[in-house]
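Student: What follows is each chain in one-letter form.
Number of protein chains: 4
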Amino acid sequence: MPEKGHRYAAKVDLNKDAAEQPYLHNRWHPDIPTAGTIKPGETVKIECVDWTGGQIKNNDSADDMRDIDLTKIHYLTGPFEIETAEPGDVLLVEIQDVQPLEEQPWGFTGIFSKQNGGGFLDEIYPNPAKAIWDFEGIHCSSRHIPGVRFAGLIHPGILGCAPSAEVLKTWNDREGQLISECSHMDRDVAKPPEPHNVHAGSAGQAIKEKVGKEGARTIPGRPEHGGNCDIKNLSRGSKVYLPVHVKGAKFSVGDLHFSQGDGEISFCGAIEMAGCITIKFSVMKGGMKKLDMKSPIYIPGPVEPQFGPGRYIYFEGFSVDEKGKQYYLDTTVAYRQTSLRVIEYLRRFGYNDYQIYLLLSCAPVQGHVAGIVDIPNACTTMGLPIDIFDFDISPHVEAVKRDMGSCAFTSS
Amino acid sequence: MPEKGHRYAAKVDLNKDAAEQPYLHNRWHPDIPTAGTIKPGETVKIECVDWTGGQIKNNDSADDMRDIDLTKIHYLTGPFEIETAEPGDVLLVEIQDVQPLEEQPWGFTGIFSKQNGGGFLDEIYPNPAKAIWDFEGIHCSSRHIPGVRFAGLIHPGILGCAPSAEVLKTWNDREGQLISECSHMDRDVAKPPEPHNVHAGSAGQAIKEKVGKEGARTIPGRPEHGGNCDIKNLSRGSKVYLPVHVKGAKFSVGDLHFSQGDGEISFCGAIEMAGCITIKFSVMKGGMKKLDMKSPIYIPGPVEPQFGPGRYIYFEGFSVDEKGKQYYLDTTVAYRQTSLRVIEYLRRFGYNDYQIYLLLSCAPVQGHVAGIVDIPNACTTMGLPIDIFDFDISPHVEAVKRDMGSCAFTSS
Amino acid sequence: MPEKGHRYAAKVDLNKDAAEQPYLHNRWHPDIPTAGTIKPGETVKIECVDWTGGQIKNNDSADDMRDIDLTKIHYLTGPFEIETAEPGDVLLVEIQDVQPLEEQPWGFTGIFSKQNGGGFLDEIYPNPAKAIWDFEGIHCSSRHIPGVRFAGLIHPGILGCAPSAEVLKTWNDREGQLISECSHMDRDVAKPPEPHNVHAGSAGQAIKEKVGKEGARTIPGRPEHGGNCDIKNLSRGSKVYLPVHVKGAKFSVGDLHFSQGDGEISFCGAIEMAGCITIKFSVMKGGMKKLDMKSPIYIPGPVEPQFGPGRYIYFEGFSVDEKGKQYYLDTTVAYRQTSLRVIEYLRRFGYNDYQIYLLLSCAPVQGHVAGIVDIPNACTTMGLPIDIFDFDISPHVEAVKRDMGSCAFTSS
Amino acid sequence: MPEKGHRYAAKVDLNKDAAEQPYLHNRWHPDIPTAGTIKPGETVKIECVDWTGGQIKNNDSADDMRDIDLTKIHYLTGPFEIETAEPGDVLLVEIQDVQPLEEQPWGFTGIFSKQNGGGFLDEIYPNPAKAIWDFEGIHCSSRHIPGVRFAGLIHPGILGCAPSAEVLKTWNDREGQLISECSHMDRDVAKPPEPHNVHAGSAGQAIKEKVGKEGARTIPGRPEHGGNCDIKNLSRGSKVYLPVHVKGAKFSVGDLHFSQGDGEISFCGAIEMAGCITIKFSVMKGGMKKLDMKSPIYIPGPVEPQFGPGRYIYFEGFSVDEKGKQYYLDTTVAYRQTSLRVIEYLRRFGYNDYQIYLLLSCAPVQGHVAGIVDIPNACTTMGLPIDIFDFDISPHVEAVKRDMGSCAFTSS
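Protein chains in written order, with the numbering used here: chain A, 43 to 454; chain B, 43 to 454; chain C, 43 to 454; chain D, 43 to 454.
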């Protein structure tokens, strides 16, 4: 290693519009120009803006949440060409560290309006809301959600290699079909390519238009490359094995999270931040076949916050919705019910429901598939760590309502 | 505590037909006669048969899996009347210990025929199969799945209080409605009451008929009382808070598991066993309102097997099925894909797919909801512990096919 | 494995004098007759009496502690001959399970009189005392130390293979030399062979006399074979590698502990119990040379109680004694000081010092060597788990004195 | 919190002689001038040089180890005055983060010559040696000890408040007495005040002379204030409760370690580094009496690297030295033997003894007091994490000697 530390493969400028920065992009497309070259075996630092590119401010209003422009997101850093990587290889990404930027030691968790983005519980909680989190070393706390403080399980929400033209076509076809099948539904079921606000890095106009027309949106994770998988445990020390679909891999990363709960239920639900990720890259030649790999796999790092199994309260939810309707092994319904059970539990201490919705999105809650075969009920669980609260939330302790202030709401 | 140990609230006889034993029953109904009375604060031992009541044998054929009679299951021990418990209370169940019966130190994991019970992957793996597990203290191993050995996370698959008549009606109504709505589907979506093979404990004929006609099947867990929630972490030292719906609570327990993976994907998927559970009971008066509780909650015990986060390989799955069809935030589809990814990975070492399907059902795999809001893809993960294998399954090690024998299949 | 479970290699009878039972012995000597033969690869159950052979009773007086006859202890079960084992081999002992005897679900922790046995803090706490612990499944609690309850980290205090005649001579020589060098000291520094109350299993008179004259006492662990190493983490699932010094290994085990703290400071300091241990034996031919092994090594099992690192309060102690005298890198003095710091801390809650001394001996406290090179001060730490108390002992919570009753003391 | 992050209470300059920097000092004395003032409740960043003040270089020779000037060490940053703190209070120090300096991403572990500093095993390994460690995010590896890589448990070796004049006199008296009592010994047993190379921060000449004459050396931790306790678990997220002896507390910190093993056996045994520590300070008024506190206590943070208990090999050592001499409950002798057992074990893989001695000093080995009452043998254990090696060191795997290169030695 160079004695003075690893080089920066890319830096960002928080005082400049994300759309103007050439090492950022906001669509998946094989033709986005490379942001630099990295050697196999090399470790580099990569800076990232927050996923919205700075649209959300450190203040006490959720107006910015309400007004967010989702055609702009997510701003990713890259793509980087990894030398020797070819289609069929596996790119091994070792996450050596993730840190907030020193000049911006805070992040945000948000709830979008049901009319603009929505979230997992938007039928019940349709309004925008926001919490700002201050970072104190490895810990964070929020003036908008008093009484909690926890160590971040810091990680990137998005990382992946570029799709090939063929993979990209598969994505657009199958998501397009879902959109047409669900046209009767009252909500967006997927996001088609969107030329408006496309950012294709340093691409010229022709490529930029092509990317706008064909480029896959960054919102969903996808089986072929990972992408926005929003896995809370991809933290310091993790190793991720990513399928390579194009020459040079064209790796991008972004959407850094100081912390996230399983499910990231409010959609803008992690503690979103700008930051710097240190990665070591290696190439496993012919890895996809060797590992018989269709989707990414990973091995978590050794330094996750540990609470001890007996320091969680677990809530159960089943595939019967809040109106009493029975669903057939619907795990999504079950997990929504599980989330509601936690909200009902924590509300007793004086929090409003939006505060709890925000908290479950970003705190290190454990969301498990428990039983998925006992017809007709899927059962999921959510483990809430007792020790992130500075008062005792145990069921054997009588709940006392406290003044918990409020999260940020919109001005009108 | 009595100096000589806790009393047995119920014992079972493995040499006698389960249907003949008066402290067992196989439906949920408020009128099943009590199997005994327990004082609040008391700790008792309760023996249980395996969930099938002995239909599965320690041999090398899956014929018994194919021929299983599902109208008989699950055989539960109880119901026990807990003194002072009344509707609206919460029954606190502290699981002090769970042990296999000394005279039967083995268990089984099974895959049912798609025609008779099925399981999570039955479209792909429609045939019956079986693995027998030998217990060596806290560990288990199987002649049908060589190369693995692990400590059990021992727990009851089913525990809960009896439904009131009103709760029972709710169950029958909503599940009946699902059945009628799904009559076009090629498979059972729920099980209605079934008089055939009903076992109502020591009930007389009239009650038995009533239970047969109205009694809820034990297969699904249900939000109002828990029941067959199949939560792998309800192990030694756990505390479970259960809603009480009838006077005396009428608590039943059964379906003991030596170990289970999140999801228990093959349905008969845990390591099913006969055993003894030691429970301390307490009553929290008015607990449902105090805790604002609609479904059970629990706190795991402190002695779960610990592998360290870096000793899991995690697999990702998304809501795109194996034919390439895109689903809208369907977590069940995502978890099925996640399971298939693990099968593909482990197949490289010489296991057949049924062996792996069995293993993922019963070994302590961690099934997580990762992202559930990134339209259209739900993302789930499954963590496979490296250290349950006696060879190195790490991705950086070249996979060598071994002779892994086979699980048990049917004779014809 | 036999379908009906592992065989008992030895059973004990709690209603019979330990000195009369042929499979027990209380000295280390190669000539003690074998108590049975075990095949390599075999798993057996071995029952053990408590280390005192039943001298301590479940009552509220410490008279039995004061009057204990230490010439009788420890009663071990064995020795067992492991087929094929020869000097120079390593005996691999896999501890599959440890359980209390069902008919005796309680144990004891004691402090001996400074005049008869003593303990780590006997200069300060010279009087006998006792606590009785009731087992509730994996948990224990004591009427003599209210306010605490914890899961046992159950293990054998003693296991090892018989010394050869040569090894035995080494022991007797070097300990004899210490005794003569320390004759000026006010206390026993080691225990020489003691014919009185020797128990040599089924030996005839001649052998019994020889064992009495030469047999090593069981109190110290010793580097050549382990023995009474009192390691709290040798629990369920552990693998221990033991040097073999005689043909057949002649393995013995006993001194079962339901739980113990690092140091077992009060000497009779674990939760001492009668019980049954299930062990799988294997022989590693030529293992001592292969592993370059002089003393036993082990790998703990995976099911230790987990509290999370942030759920311990750690106390520091240095090699300056309570009179202010400075010692040179004396870790024993440092650990004594560390223990005293915890006593001072817990005393604030209403416990008397003897209760705490007992508690630190048997609860799962973590005793660490921190710094051992910073002349002149060795520094050790003791981690006290917060979650074994049913009230909050955190330093930020104001300590309130409670009525904590008392441990058992002598009648006069 | 200020939106732009916490302020630096002190910065260091790696290009300038440590002895010239006014915020550093290298003795404990109440009269060293304050380096700044911190408010209770405030969080600040504090930079530190490595403990030697840059005497050790990133190269492949141990000449700098041999030639080190120990009159200069340790360079600490401070002392800081914490507003409102007074004698008898407790200073609560929350370690929010510790990081290496970005411009110096490496550290060193050293063995001093027996003639100049020595270490725990210097009778056996008297020569200087060195290993340089490169930091890769949270991990480190060394060209001098191939085959290992691990996550750092990063922490300060030294933190504490200044002694009062009275406390200082106690230290000098009792250590002086030890020195005179041990004048016959062949080695330094303690370090008296040393005017040569004293650094008293920004003090004028008179104070500097006083500090030189009276100031306590920083090498030992001491019960009254902690100081150089070298506790490996004082890492990110820890809370330390420190006794206050002078007005303003006069807190100092330094000797940052990227990682350390229990005991830090080679003396310069941690991975020593320059870095930045982020601390939140609070004052607990009258805390010493409230907590009945004589020595510091602490609560570790939640993010320690976790290996799982079954991923350690534990070695046992007893108080019989390598010449066969028996000691009476000498835990220091036992821990030395334990260390030697690990060296013998690891030597089989091709490492030289000095490489292993260095490794055990700095890798996260667990050093436990096991039994400390079984006369005459104290028993200690050392747990070696299997997963820090990139090959399998398990005892069941045949050891193969590899080319492990060498650590750095002196040039002649």
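No wet-lab data here; the hints were simulated from the structure.
Check the hints yourself; a few may be wrong.
Copies of the same chain are indistinguishable here, so a pair counts whether it falls within one copy or spans any two.
What the hints assert, rightly or not - Simulated crosslink set (DSS-like; lysine-lysine; CA at most 27 Å straight-line):
1. Lys114 <-> Lys87
2. Lys99 <-> Lys58
3. Lys53 <-> Lys87
4. Lys53 <-> Lys336
5. Lys331 <-> Lys367
6. Lys367 <-> Lys255
7. Lys99 <-> Lys87
8. Lys114 <-> Lys332
9. Lys255 <-> Lys233
10. Lys46 <-> Lys87
11. Lys252 <-> Lys87
12. Lys211 <-> Lys255
Student: Compare the structure with each hint and give your call.
Tutor: Okay, the hints, checked on the actual structure:
1. Proximity of Lys114 to Lys87 under the C-alpha cut-off of 27 Å is restricted to the intra-copy arrangement: shortest distance 24 Å within a copy versus 36 Å between copies.
2. For the homomeric pair Lys99 and Lys58, the shortest alpha-carbon distance inside one copy (15 Å) is at most 27 Å, but the shortest distance between copies (40 Å) is not.
3. In this assembly of identical chains, Lys53 and Lys87 lie within 27 Å of each other by CA distance both inside one copy and across copies; the values are 8 Å within and 24 Å between.
4. In this homomeric assembly, Lys53 and Lys336 never come within 27 Å of each other (Cα to Cα): the closest approach is 32 Å inside a single copy and 50 Å across copies.
5. With identical chains, the CA atoms of Lys331 and Lys367 are at most 27 Å apart between copies only, with a shortest distance of 23 Å across copies and 44 Å within one.
6. Taking CA atoms no more than 27 Å apart as the test, Lys367 paired with Lys255 passes between copies only; the shortest distance there is 23 Å, against 41 Å inside one copy.
7. For the identical chains of this complex, Lys99 and Lys87 are neighbours both inside a copy (25 Å) and across copies (25 Å), given an alpha-carbon limit of 27 Å.
8. Taking CA atoms no more than 27 Å apart as the test, Lys114 paired with Lys332 passes in neither setting, with 38 Å inside one copy and 46 Å between copies.
9. Taking the shortest alpha-carbon separations for Lys255 and Lys233, only the intra-copy value of 12 Å comes in at or below 27 Å, while the best inter-copy value is 49 Å.
10. For the identical chains of this complex, Lys46 and Lys87 are neighbours both inside a copy (13 Å) and across copies (22 Å), given an alpha-carbon limit of 27 Å.
11. For the identical chains of this complex, Lys252 and Lys87 are neighbours neither inside a copy (30 Å) nor across copies (48 Å), given an alpha-carbon limit of 27 Å.
12. Only within a single protomer do Lys211 and Lys255 lie at most 27 Å apart by alpha-carbon distance; the minimum there is 12 Å, versus 54 Å between protomers.
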